[in-house]
Each structure stands twice: as C-alpha cells, then as structure tokens.
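*Asks:* Here is what each chain is made of, one letter per residue.
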Amino acid sequence: KAGVTQTPRYLIKTRGQQVTLSCSPISGHRSVSWYQQTPGQGLQFLFEYFSETQRNKGNFPGRFSGRQFSNSRSEMNVSTLELGDSALYLCASSLAETYEQYFGPGTRLTVT
Amino acid sequence: AQSVAQPEDQVNVAEGNPLTVKCTYSVSGNPYLFWYVQYPNRGLQFLLKYITGDNLVKGSYGFEAEFNKSQTSFHLKKPSALVSDSALYFCAVRDTSPGGSYIPTFGRGTSLIVHP
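Heads up: the protein sequence lines correspond to chains A and B, in order. Position 41 (the first sequence) corresponds to 41 in this note's numbering; numbering is contiguous. To convert, take the position in the second sequence, counting from 1, and add 112; that gives this note's numbering.
Because the hints were derived from the structure by calculation, they are not lab data. These numbers come from a predicted model, not from an experiment. Please note that a few of the clues may not be correct.
Claimed, not checked - A few chain A residues facing chain B, derived, Cβ under 8 Å:
#1 G28
#2 G42
#3 N56
#4 G58
#5 E100
#6 Q101
#7 G106
#8 L109
#9 V111
For every residue, glycine included, the Cβ atom is placed at its ideal position computed from N, Cα and C.
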C-alpha cells in the first residue's frame, strides 16, 4: 500500500498570505490528523477529521482550518500567515478507532 | 489537562547494550499510549501502542514498552541496541475515557544515540 502523501513538500510564503496544504491518506484510512512540528513547541495537534467531520481540534487560532473530502483526502489552510507559522506540518492517517497513526513526510512551510 | 513528559533530551548507549527511553504521562481517564520514531529526513513511524491488557507491549524492530499504572509510566525498551536505532523517539497519549479530550498529546522527544 502506498503511504501517506503530502503536497507540496516545501513552501515559501510571505507574511499575510494564505496557504493550502494537501494530504492523501493510506487507502482505507478514514481518519486524518494534522500536526505542527517546531523546534520550540515540539509536535502539536491541530485537528482530526473522520468521514468529512472534524472530530477533535487543538488549541490553535481560527486562522488554521481544515476539511476532509469524501475520498478521505484532507486539506488544511492557514490564512494571514505569520512568521511563527514557519514549521513542518505533518499529516497522519489511521483506521477508524485504532488511533495508530501513519505519518506523511510533511510539508516544510517557511514564512518570510 | 493531559500531558506527557520525556525527561531525557538525549540517551546514549553502546551498541549491544540494553536501552530505555523514559516516558511518564498524566491523564484523568484511561490512557491510550503510543511510541513513535522519527529517523533523520523521514516521517514519524508507529512503533507500538498500549490500550488495555498485558502491561508489556511488543512492537516493531524489537522494541517493547512497559505500562505501569501506579507510576504513570510507559518506558520504551530494547534488549540489545543497534546503531541503526539512533533516531528521535516520541511518546504520546490520548484520553479515550467518556468525557475525555481524545486529543493526542506528544512528548518533546528523546534523541537516542547508539555508539558503535
């Protein structure tokens, strides 16, 4: 089976712009989660989707949003980018209730 | 609020020796506990999990972890370390009890360095 894929792998944006990141889960996985990884804060949970519904949400401002499509693919959007949004954004997929997550390689976002 | 602590930023061990990477947690309900490994320039990989049952959980690559409810710990262990085990290890917890947050919380990570 193909693993979790994320596009793009690298992204450079300017402060104030918005960005959309994409994630394709492992075939058959209906749960998709997003994380932000930074050296200072470590790995922080953004949100989790299951069958197109947001199931859990972390403690991030409303500038961070996401959605899941009927084929389980997911996107996350960050509006009005700030320098502090520079991070590695990781997507993970899992079977419905196992919570055993399989991570993609991440999207490295740099905000200048 | 739930939390995970990995008290050691770095663990050094000689190849062939046993290794332990420590993790303690705090949740109000019943924890689901996980270990993940992140190799350089690669994504996080699932190693093992504890949900219920035997306190000793076996996972990938010869790793195992022991759940200790009284000490709220979930230490990762391997009887004989390999140089290729050198990586960043993350412990994670979810509170899946009724009324629990269900939000996954990760530790800050422990860098394991195995010396030849």
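*Asks:* None of the hints should be skipped; say for each whether it holds.
*Replies:* Taking the hints in turn, this is what the structure says about them:
no.	hint	in the structure
1	G28	violated, 16 Å
2	G42	holds, 5 Å
3	N56	holds, 5 Å
4	G58	holds, 6 Å
5	E100	holds, 5 Å
6	Q101	holds, 6 Å
7	G106	holds, 6 Å
8	L109	violated, 16 Å
9	V111	violated, 22 Å
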